[in-house]
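Number of protein chains: 2
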Amino acid sequence: MTVRSRFFTEAEGQAVGIENAGAAGDVLLVCEHASATVPQRLSTLGLSPEVLSSHVAWDPGALAVARLLSEKLDATLIYQRFSRLVYDCNRPPESPSAMPVKSEVYDIPGNFDLTEAERFARTSALYVPFHDRVSEIIAERQANGRKVVVVTIHSFTPVYHGRFREVEIGILHDTDSRLADAMLTGAEGASLTVNRNDPYGPEDGVTHTLRLHALPDGLLNVMIEIRNDLIADEGEQANIAAFLHELMGKALASIDE
Amino acid sequence: MTVRSRFFTEAEGQAVGIENAGAAGDVLLVCEHASATVPQRLSTLGLSPEVLSSHVAWDPGALAVARLLSEKLDATLIYQRFSRLVYDCNRPPESPSAMPVKSEVYDIPGNFDLTEAERFARTSALYVPFHDRVSEIIAERQANGRKVVVVTIHSFTPVYHGRFREVEIGILHDTDSRLADAMLTGAEGASLTVNRNDPYGPEDGVTHTLRLHALPDGLLNVMIEIRNDLIADEGEQANIAAFLHELMGKALASIDE
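Chain order of the listed sequences is F and C.
Here the first sequence stands for residues 1 to 257, where the numbers follow my numbering.
Here the second sequence stands for residues 258 to 514, where the numbers follow my numbering.
Next comes chain F alone, as it looks inside the complex (with noise of 0.2 Å):
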């Protein structure tokens, strides 16, 4: 019994969720954000249920949509199964909002104070077996001679400390643009808002599964970040799949020729 399989419950099983594992398309959908379920060991941290079930402990709609891309795109899929408040898995543990105290306007109790142990086996249990993995599904399809693509999957809230984001889809890159540079000449004209490095951007410390896992091999990738508002029930969620079904599609076609 580690650190790591000590942290769950046997009903909760582990961190790390995978679906269409044998998929054969070239893209790897990552979803850090995908849960807002906080391990029973941890209760509420010490939030109201509101605070719980909004973005401040997870991305809403944003593992809806990409199982549908996952599905449309023949794309194997890997997400967390716990809140980012635990452990954010798109942050190093030497960053401060790996495992905020403050998030939004919102204070997280449960993560004030935290003892060097704690923060380890957070470290153990949920981040590092997440990347393990990703890193783990790259490199078998490296070592068959596969292509990989490295695209995550965001949700945002449309208002942020009071002000409202116009922008409605942000495709987010670090400094390997090409996908994105790519989607966004494909979304010109596009009924929806879609912006480059919006509402923030690798500035903000926000590429870092992108850091990890395509840059140091050169893999195309992209962070994609949709405003929650708009993938609330399932017919949003499959009309913002479908758009991004096709930008993607196209994107990835005219990087081919």
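Simulated from the structure, these hints should not be mistaken for lab results.
Computed from a predicted model, the values in this text were never measured in an experiment.
Please note that a few of the clues may not be correct.
Unchecked claim - Counterexamples of contact, computed for chain F against chain C with all Cβ distances above 10 Å:
| # | residue |
| --- | --- |
| 1 | E10 |
| 2 | D26 |
| 3 | A36 |
| 4 | E71 |
| 5 | Y106 |
| 6 | E116 |
| 7 | H208 |
| 8 | G218 |
| 9 | A238 |
| 10 | K250 |
Stated by the list, open to error - Far from chain C, by Cβ distances over 10 Å, these chain F residues were calculated:
| # | residue |
| --- | --- |
| 11 | E19 |
| 12 | R41 |
| 13 | L45 |
| 14 | S54 |
| 15 | P93 |
| 16 | F120 |
| 17 | K147 |
| 18 | D204 |
| 19 | L230 |
| 20 | D256 |
Unchecked claim - Derived list of chain C stretches under chain F, where covered just means 3 residues or more per stretch with a C-beta under 8 Å from a C-beta of chain F:
| # | segment |
| --- | --- |
| 21 | 276 to 288 |
| 22 | 388 to 401 |
| 23 | 466 to 480 |
Even for Gly, the Cβ is constructed at its ideal location relative to N, Cα and C.
Given chain F, work out where chain C should sit, using these hints.
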């Protein structure tokens, strides 16, 4: 092939070394700075052979003394098989000295400007499996109703930043000083200079292993620092091991009473 398994060559093996795994004694010996070995993929870290064999890269003599104590105490010994310069397992990932860019007066070029992917690889390959394994050993023993006493073995350089250190044995502790107190009492009048939290102490962030594995469950614990000029050869190592064995035996007996 995870990040972890790909970090080392097949010949290098993995990060954690264990000796006397089936030992019946209560003490669990931990040696985080046992080795000066740098994994092949990191070459020399840009350092000269002199620096790479100095206290900068490891705690000279510590593993040898720990092995002697392992025999004398019938204690399991767990040690890190690679240099502290690759990852210092007595530091959390958020500490600047986990992957230091400078150690004493020496720049560590191989640690300059590490990417997030490089930091993750070291955290995943060296730090997490080491402490997962320590915690696993402790949990197994606790599940079997056994007592566990956590003792970490270190050495320090006699001259640091040009200043000679008078202390010969440091008995270090964090908030739980029971075993350290008993050992310091036992060392009164000894021929060696044995000091509390000297040449450094918990305020310097050196008690990470104790904080991870001993403090949460209230296990007896101590960190032993030996001036490395006193354990430069086998005869000296045997003398110091005998001294520490007696000191620890008496201290543990006095606490049991």
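Status of each hint after checking the structure:
{"no.": "1", "hint": "E10", "verdict": "holds (15 Å)"}
{"no.": "2", "hint": "D26", "verdict": "holds (20 Å)"}
{"no.": "3", "hint": "A36", "verdict": "holds (25 Å)"}
{"no.": "4", "hint": "E71", "verdict": "holds (27 Å)"}
{"no.": "5", "hint": "Y106", "verdict": "holds (22 Å)"}
{"no.": "6", "hint": "E116", "verdict": "violated (4 Å)"}
{"no.": "7", "hint": "H208", "verdict": "violated (6 Å)"}
{"no.": "8", "hint": "G218", "verdict": "holds (12 Å)"}
{"no.": "9", "hint": "A238", "verdict": "holds (34 Å)"}
{"no.": "10", "hint": "K250", "verdict": "holds (29 Å)"}
{"no.": "11", "hint": "E19", "verdict": "holds (20 Å)"}
{"no.": "12", "hint": "R41", "verdict": "holds (13 Å)"}
{"no.": "13", "hint": "L45", "verdict": "holds (19 Å)"}
{"no.": "14", "hint": "S54", "verdict": "holds (27 Å)"}
{"no.": "15", "hint": "P93", "verdict": "violated (4 Å)"}
{"no.": "16", "hint": "F120", "verdict": "violated (6 Å)"}
{"no.": "17", "hint": "K147", "verdict": "holds (18 Å)"}
{"no.": "18", "hint": "D204", "verdict": "holds (14 Å)"}
{"no.": "19", "hint": "L230", "verdict": "holds (30 Å)"}
{"no.": "20", "hint": "D256", "verdict": "holds (26 Å)"}
{"no.": "21", "hint": "276 to 288", "verdict": "violated (count 0)"}
{"no.": "22", "hint": "388 to 401", "verdict": "holds (count 8)"}
{"no.": "23", "hint": "466 to 480", "verdict": "holds (count 5)"}
Figure legend: structure checked against the earlier numbered hints; hints not met, in rising order: 6, 7, 15, 16, 21.
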